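Peer 1: Can you make the complete structure from the sequences, with help from the hints?
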Amino acid sequence: MNYSALFQQLLPEVILVVTALAVLATALAIEGRGKPAPLSVISSITCLGLLLAGASLILFPATGEAATPMIALDPLARLFKGVVIALGLLAVLLPPAKDEIRQPGEFHALLLFAITGLCLTVGTNHLLFLFVALELASLSLYLLAGFPRTARASEASLKYFLFGGVSAAFLLFGLSLIYGFSRAATLPEVATALAADPTSPLAIAGLAMVLAGLGFKLAAAPFHYWAPDVYQGAPATSVALVAAASKAVGLVVLVRFLLVGFHASGGSAAWGGIVSGWSVWLSILAAGSILFGNLLALAQTSVRRLLAYSAVANTGYLLVGLCANGAAAAGAALFYVVVYGLATLGALAVTAAVEREAGDDSVASFAGLVHRSPLQALALLVFMASLAGIPPLAGFVGKFALFSQALAETTVGTVSGITWLVALAAVMSAVSLYYYLQVLKQAFVTDGETAATGIGIGHALAIGVPAVALVVLGLFPSLLLEPVSTAVFVLSDGRVNPL
Amino acid sequence: MLLTLILAPLAGAALLAAWRGAGDRAAGRFAAWWSLIPIVLVALLGFRGANPGGAMAAWSLDWIPDAGIALTFVVDGTSWLFLLLTSLVTTFVLAISLQKGLTSRSYAALILVMETMLLGVFTARHFIPFFLCWEMTLIPAYLLIRLWGGPNAPRAARRFFIVTLGGGVCMLLGFLALQIGVGTMDFGQLAEMASKGDLTKTLATAFAGTALTGPTLLLFVAIAVLLGLAVKIPIVPFHAWLPDAYAEAPTPITILLTGLLSKMGVYGLLRVFLPIFPETFAVLAPWLAALAVATVLLGALAALAQKDLKRILAYSSVNHLGYCVLAAAAVVASQGDRESASSAISGAFLQAFNHGIIASAMFFGIAILESRSGGRRGLDDFGGLRARVPVLCGLMGLAIFASLGLPGLSGFIGEFLVFNGTFGLLPWAAAVSVLGLLFTAVFLLRLIRKVFHGPLGEGLSTWPDLSTAERWLFAPVIALIVIPGLWPQVLLRFLNADTLRLLDFLKP
Amino acid sequence: MTPAWTLLSAFAGALLVLLLPARSAALSRVIALAAATIGALAAGAGCLAKLAHPDAAPWSFDRDWIPSLGARLHLQADGLSLALLLLTGLVAIAGILFSWNIDKRQRAFFSLFLTIIGGVYGVFLSRDAFLLFVCYEVVILPKYLLIAIWGSTRKEYGAMKLTMYSIGASALILVGLAAAYAAAGGTSFDLQHLAAADYSPGFQAWAFPVLFLGFAVLAGVWPFHTWAPTGHVAAPTAASMLLAGVVMKLGAFGALCVAMPIFPEGFAQWRGVIAGLAVMGVLYGAFTALSQKDLKFVIGYSSVSHMGFVLLGLAAATHWGLRGAALQMISHGVIAGLLFGIAGRVVYARTHTRDLAELRSFDLWRTLPGAAVAFTLATAASMGLPGFSGFVAEISVAIGLWESFPLLLIPLILGIVITGAFSLRALQKAFFPVRGETDAKPPKLPPLTWPELTAIVLLLAVSLAIGIYPKPWLVLIDDGLASPLFQSILP
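Going line by line, the protein sequences match chains A, B and C. When we follow our numbering, the leftmost residue of the first sequence carries the number 44, and every step to the right adds one. When we follow our numbering, the leftmost residue of the second sequence carries the number 308, and every step to the right adds one. When we follow our numbering, the leftmost residue of the third sequence carries the number 655, and every step to the right adds one.
If you're looking for bench data, these hints aren't it; they were derived computationally from the structure.
Pairs of lysine to aspartate or glutamate, EDC-like flavour, derived with a Cα cap of 20 Å: (1) Lys1125(C) to Asp369(B); (2) Lys758(C) to Asp490(A); (3) Lys141(A) to Glu400(A); (4) Lys1125(C) to Asp373(B); (5) Lys758(C) to Glu492(A); (6) Lys1125(C) to Asp709(C); (7) Lys757(B) to Glu677(B); (8) Lys1125(C) to Asp493(B).
A few chain C residues facing chain B, derived, Cβ under 8 Å: (9) Gly1041; (10) Gln1082; (11) Leu1128.
Since the model is a prediction, treat every value here as computed from it, not as a measurement. Glycine included, every Cβ here is placed at the ideal spot set by N, Cα and C.
Peer 2: Dropping the structure here:
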């Protein structure tokens, strides 16, 4: 193995790990003098590390042959490493609640490990390495969720861990079945084996287990039970990472599995033209997530729980894109997951600001936000509108591209494709506007507390950057949509739905 | 010149609207003087005379060119007569309103708006401008009745409005059917086609899908149009709105309603309906004649049963306009008796004109009675007035006798010509209608007896006779009753050429 | 001055107003008025140019936008678009004038107002279905906020109902458009491309009603009209004017220019149903308006009734019918704007009630004669009396209907008569009440202000201009209807 090439190809991850160690060392050094390490110093180092990792990604792109079959050097990997780092950076900027994080050193080191794990996950086609990377991220995230010493956080962490553990078991079992079927450790090889025997029960059972495992990562119904508690109990930074980065990574893994590995056994979920295959299962997961997420979100009074159910619903939309089993729809889904991540992260950031003022995250706490801080209110408008899919924001373009491409990929000649699923998604997406509007109504219409304390610059960036990004991506979606689509096309050799 | 004539009253109304802070009397005086402009213009037109085609003036503007719709206005002899009536009665109404102290800025402006619309109706030669002006009289009339009328005026005004609007919509749809079927709503072109028998054919081709024959289709269209006209005239049984509206409106407005608005219906029936639907009309004629007779008789009988002077005259108006309808029905039944037909048509036009003048005079008289008695106008509220106010009674009596059709007064010529023509064409209808004449005589004479004769009523002994102003107001009206009565040619010369042209269209 | 100035001025104005410092908030109305005026002038200039050179190529703008989706920034201004742009500009000016003395959160108000205007301009100009849909949806949140913040009478309920109907309808549009896009090959959203594609009849049979209904809900089609009266009543005056006057037209425009041309065969299968619903709308709106107690509700239901005429014209699908539908859009835009402006601003701001029974004590005819005259004329226009724009539109629709569904004319007559009845009822109750001797003397009300008067005269003049001389408007509309898009619909 060529270690220098490997070092160069995994430079961002290396930088992240080094930063994590540096953070730990700094924290230890400061704490050794008897006082807790200041959060500002620690998070500055973290940010610096993330920025360096991002810069290395741009300045020193991984080239040539992969140094080991464990890593993949396709454009998708590079793109989503960037996305993960960017989202991670924004998440770090979110301030913790008072006394939430007593040991900033450990917290940020775990954060960096989690981001490292996520980066490694998007950059592999190797079954085993995938599992390891994913578990690195997951274990860090379990701890991050339970970091505050509160009952709520502990409950969240425990739930997350228990569900996560089970899902990891599923995933591992599934992976081993697939390996057993194909005698291959990487997804392209699995595809080759599958081409010879597309209906092998072993492979299908393996895929089903993998789907269940990834469904947990993505918070798809019925694997979503951990989400509301984690969203509500965990620190804002952890939630942001779980909601935005982890979901994006889960989707990338799913895309790799389905489009690269199991493209041949997709089947079809089209109404009246069902062909057995994973897209049928996926369509049921999607429909369930969309219905569950949206309907339960309607009843929430806590904005964080509301965002959790909205996350479930949005997973449903993403799965619609994958159901089509085509590169264009998958590209749209990947675009949407980024846009969704930005919007959710921004919404969490505004929620964090409101929590500092009002003490809790109930919808009523948002009352009069526009008088307290017009800019925060405006940003909230952007986030919620983007989540609801209102133009000219990126969420709209994402949903529209997702739905229309999913239909286009599954429509063959005069047979229309998964119209039923798209229609359900579109209608429920309209319903979602109702609960987003409840928050906006408080912020803009209802009168409330008007005295305001300012927010820090980092926090302001965590609100402002996603807001601007959503507007810019809404007006010029090609900036992201084109590279993502190209990446998926390269990944899947421009495969379209085989039907 | 024609456009100036039509728009002159509207301009006056606009000036009034813009004249903030005008006093009520000043506004009324302004409007009355302003309304002389149309009279002068009409008179000028009259002196200028007609070109060989019969037109005295014309103006046109493309409206929807690809459908051949244009705002076309033409004055010919018949139109001119109605223009004269309109301009005279409007001025008269404005003057007596001023004299009664009724005017205000908006009141005068509404009357002027209405005048413009009436002038438009009487000159329009295409359905669209005709209908435009026709419907635009509604709002001013409605407001005038409602705002300045008696205690039940809102209800009466509303009913007037809705019923007339409904009629208007029917008429509109009828003409739209023609637009679709034969591609035009121009009165001249339609009459041309009708006289050649093309109308039914084209209509049948256009609506081949409906599996109805041309004549049946045309019958539907004709009935729709007739509904709109019948409501306005009104013909029994579409007259229910009229007595309330006439009685509740302030008296000058009643004059406007009966003297001018009802003439729109008559004019439409004779000038529009008759030439366009001659064949269909021939089918309808017996029914229409029967309705006309019913209108004549029921109008007279209902008048007999009334106690309120205004209601009596309201029903009397129904009765008098029934003769015009009768004449129209008779003409289409003519089968070539040109002389009788021309007599009937001229008679109908004259009857319409004269009724306008005579009704103005009679209602003016009632207005005077009403103002002297403090609002009472029951048949039994007066008595023996002849001795007390001889000039008023004399002039009113003259008008009533004119209305009765006393030879030598204007009412006679119209009715004479109508009966002269109708007897030759529809003898049975004419014969029955004569009964109407009789009843008319009865209720009018009863009115004279109860009001002018007998013992002097209570509280009437202090009544002054007509003031100078009132005499001056009566003078032109009485002149217009007497002069044409003695010298009918003064009006008939305007009608003759047009009547013959109209008959040419009717030739089977 | 190209038609692009309409869009630019509106959005630039919205941004500018939003960025104003708090101390110069009073400037926002001036900026808004200037932006709206520029928009109206640009549209007017476009109309005049079109009339002067009817054969000149229309202004258009076509750039790549989202290549992977096949969406383009494709704008084009044919006669129909220009006429509707002009309508929007005029209603916008009037709306701003009627909101001249608004004092609550001025900057936000005018910014949202201009955003809606910009979105509307965008829809009328778009020739790309995706772009059209974007502009169509842009107006949703501003609508909600305008009503919920500045509204009255159950404003939050009205705003939410309106928004949920709008977004629900948008979901249908999304499904319909996505289906059409997919079936047409998934390469382009260009309207011409979508209209030229070959769809199977079975596909059109379900895709058309989905797409059409999505647009028709915003046009107030019965029985999905209930958002309109509540929303219009709850909205602040300028927003009611805009909603009823222009935004409802978006639905009709979308139905005409998107749903019908894309799925002509589906349309042919469903047009009978559409005509039936439209007639129901005309009748239901009119009858319901007859029993309303709130002046704005009367106008709200009358909008439903009038929009029924637009749908009827569309269902007729003859040249006259489409023409009538387009004219009715313009006509109703002006008239509804005027009625809402007078009832919502001129009257309500002075009397603080819109209850027909309570208005009696104000004797508005004597205390506010200007408003009474204006409302009377507006009512006449709304009834479709000749001389006003509504008449030309209604006869065109009636001719179209006569060519396609002659039997429907019978209920239509009833509808027109009931329209006369409810208009008259509202007019007399609100402005010409019957007052006895014993009634208290009505309070003195301030006379019309100059901005109000200007707005009233502006809108009335347009309605009269169309009613008395419709030719130029028809030329413009015909120019739009000559587009190849409509050839598959017309017989």
